[in-house]
Amino acid sequence: MTAPAARIPVVHTSAPAPHHYTTLGLDSRKVAIWAFIGSECMLFVSLISTYLIYKGRSVVGPFPHETWTDPSTGHVLKPILNIPVTSASTFVLLMSSLFMVLALAAVQNKEKPKHSRGERVLGNSKLWLWMTAIAGTTFLGFQAFEFTSFVHEGLTIRTNLFGSSFFTLTGFHGAHVTAGVLWLVTLLAIDYRRGLGSRDSLLVDIAALYWHFVDVIWIVIFTLVYLIK
Amino acid sequence: MDTHASATNLPDSAEANAHVPHEVEHAHPTWSTYWKVALILTLITVAEVWAYYIPSFVAGRGFIPTLLALSALKFTIVVMFYMHLKYDHRIFRVLFTGPLLIASLTLLALMFLFGHLYIKIM
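Respectively, the protein sequence lines represent chains B and A.
Sequential numbering of the first sequence, starting at 132, is according to my numbering.
Sequential numbering of the second sequence, starting at 5, is according to my numbering.
Hints listed in this document are in silico derivations from the structure and should not be mistaken for laboratory results.
Even glycine gets a Cβ: it sits at the ideal position worked out from N, Cα and C.
There's no promise every hint is true.
[What the hints assert, rightly or not] Chain B is faced by these chain A residues, among others (derived, beta-carbon under 10 Å):
#1 33
#2 34
#3 38
#4 45
#5 55
#6 57
#7 62
#8 68
#9 71
#10 74
#11 79
#12 82
#13 102
#14 103
#15 118
For reference, chain A alone in the conformation it holds in the complex (with noise of 0.2 Å):
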């Protein structure tokens, strides 16, 4: 008798196709790489609670432009080491990065329509 019966009914060669997936994903980082990556974060994050004290920093123009950097550093260090998107699928990267640039955009969209920012012509 046959002890290595298929679990489905398609033929051999099918059946190989249907199930082995076509691209192996890259190895994930270390458990070094992942305290390295947290211990950056909290850095980032003591940088930016320390900015905030400082009433000269805040009153001058650099304050925003640089909270909003490093608020961008921490998402993507985040989303690039621990939601694994450096190593993973690129389609994984589309699905990800394709509607947060368009929710980005409706973002700074509104914030024209609203008022909240202004372009300088000529």
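Okay, chain B solo, but in the shape it has when bound (with noise of 0.2 Å):
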């Protein structure tokens, strides 16, 4: 006969996070994430509606893909903009997407059996969240290296309206980075300190769904600012 005790709650510290699913039967923190993502479009949306509004409205230089004298010097000042430098930069966010994925898969075949050689390291999720850190912080390496050759050739964010613009922009990008890099170094600590498993794939792929719209919000910037004249 179960007795009336039976009823209390039973705490297994052992077991996985419970679940929050919402009247939809999905999960309320990716519904969370994906509204947060959508409430992001509209910030960096603006961002890029300044940053277009204002292009070619500059006064004085350095500009983004002219040439530009100096009347009260008469200094030549060149393009501003480095496109293969940031060709680079662009090249491995892209990359840093594909580690991110790759984490999320080992993640949720953690408790697969691993036969190959191949199939350990792409099981491997310490490595993928590694690369994918190490993407994001080379990337925000390239951002630096940008932003302090633009201030050393004269354009700082009080010099023209492209320098407003173009330093808000891309620094609000650099900050979602940075935020996305620190993210993934939680995840890291949590799978060093007691391993991430398939129950927990749902807390990488919120991670994961952050640090892919960064990328995709840099795809736009590297067409409309970058590589449009």
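Build the complex: two chains, separate frames, hints provided.
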């Protein structure tokens, strides 16, 4: 016979974290991250709109794609955007998205047996999380190099409309990448501490969604800011 | 003693309904699909940068539409395959494309208002 006390909740410390399903049967955390990403779309489109509205309306240089002669000093300033460097950083960020999906797949398939060396490498979540974090940090390094070189060439956030809108847009994006790298580091810490298993796949999935969003925003910025003259 | 004590005080049927997802997500792509997608994204990026260095193409009318189309293609590929929107529940598609659509229309409206886009009437 079952005693009434059996209805008292039993706490299993080793049990996976409780799910938070909505009435649609979807995990509320995943719904929340998609809603957040939707709101972030609004934020970045407002920044991109500002950049495009001010594009070509700067009175003084340096300019993104055109040379400019400073009338006071006579110095000729070349176009300030460095396409080869930014192309390399774009490639790094695209590859970071690949590493991120591989990290997610590794966590989702953690409990599956790995027979070959290739499967063990693909199933190593720590490796892919590290690769993603390193790629993100490399992208930030490229951005720091770009910002520093721009300042040395005379373009600051206060120089002209291009400088103001450019540094605001790319700076906001860089801040998002920084937040993403910190998020990845926390996942790595969890992985080293207790190991990420398939029960944690949603944690990695949410971080991955954020990371890919940062990537798609850069895809748009790269085309609109850097490539279109 | 009952060793299968419930974690809640809900009736069994209600508890089951509250905890079981109603719709199962489709399986995500395989590792090889992810590598192929990365290759396609890289090739599109190379094509974009290549186009940037062809002066005759840059001066032509097709340059900006081509770059915008390639960028939109990359955006869609990442969202569909890496963010799994192709495989996930449609509510996520609504949550993403809804604000994206509003934001895009706002962008276009601002471009018209500030004279960056023109519509030739008659």
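Practice item. List, from low to high, the hint numbers that the structure doesn't satisfy. Key: none
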